[in-house]
Amino acid sequence: MIEPRRFHNRPVELSVGVEGGHSTTRNVCLDPNVEGTPHPRVVGLQLPSVRTDGWLEIEMGEFFNSG
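Take 0 as the starting number for the sequence shown in numbering that gives the first Met the number 0 and just add one per residue.
Keep in mind that the hints were calculated from the coordinates and are not lab data. Computed from a predicted structure; not experimentally measured. One or more of the hints may lead you astray.
Okay, the calculated beta carbon distance ranges per label pair [stated by the list, open to error]:
#, residue 1, residue 2, range
1, THR51, SER22, 28 to 36 Å
2, LEU46, SER22, 33 to 41 Å
3, SER22, SER65, 17 to 25 Å
4, GLY16, LEU55, 38 to 46 Å
5, THR51, GLY19, 35 to 43 Å
6, SER14, LEU55, 16 to 24 Å
7, GLU18, VAL49, 26 to 34 Å
8, LEU13, ASP52, 15 to 23 Å
We put the beta carbon where it would ideally sit given N, CA and C, even for glycine.
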């Protein structure tokens with residue numbers, strides 16, 4: 000079982016962006032062991048998935064470059 004320290008059942012706001020360009024903000028819960036809806040007041044709350052190598056993965060947004 001994965002045990003993310005200090006993130007137990009707590010939603011956080013995750014932001015990522017490119018300077019002078021696109022940015023995105025999402026509400027995520029970094030605890031993959033949460034069952035059901037941990038925080039029904041948080042709209043669009045995302046939970047991580049466990050990859051085959053055991054690491055956690057969560058989508059942070061879509062970014063494209065031309066180079």
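Results for each hint:
no. : hint                        : result
1   : THR51 <-> SER22: 28 to 36 Å : holds (30 Å)
2   : LEU46 <-> SER22: 33 to 41 Å : violated (22 Å)
3   : SER22 <-> SER65: 17 to 25 Å : holds (18 Å)
4   : GLY16 <-> LEU55: 38 to 46 Å : violated (21 Å)
5   : THR51 <-> GLY19: 35 to 43 Å : holds (36 Å)
6   : SER14 <-> LEU55: 16 to 24 Å : holds (18 Å)
7   : GLU18 <-> VAL49: 26 to 34 Å : holds (32 Å)
8   : LEU13 <-> ASP52: 15 to 23 Å : holds (21 Å)
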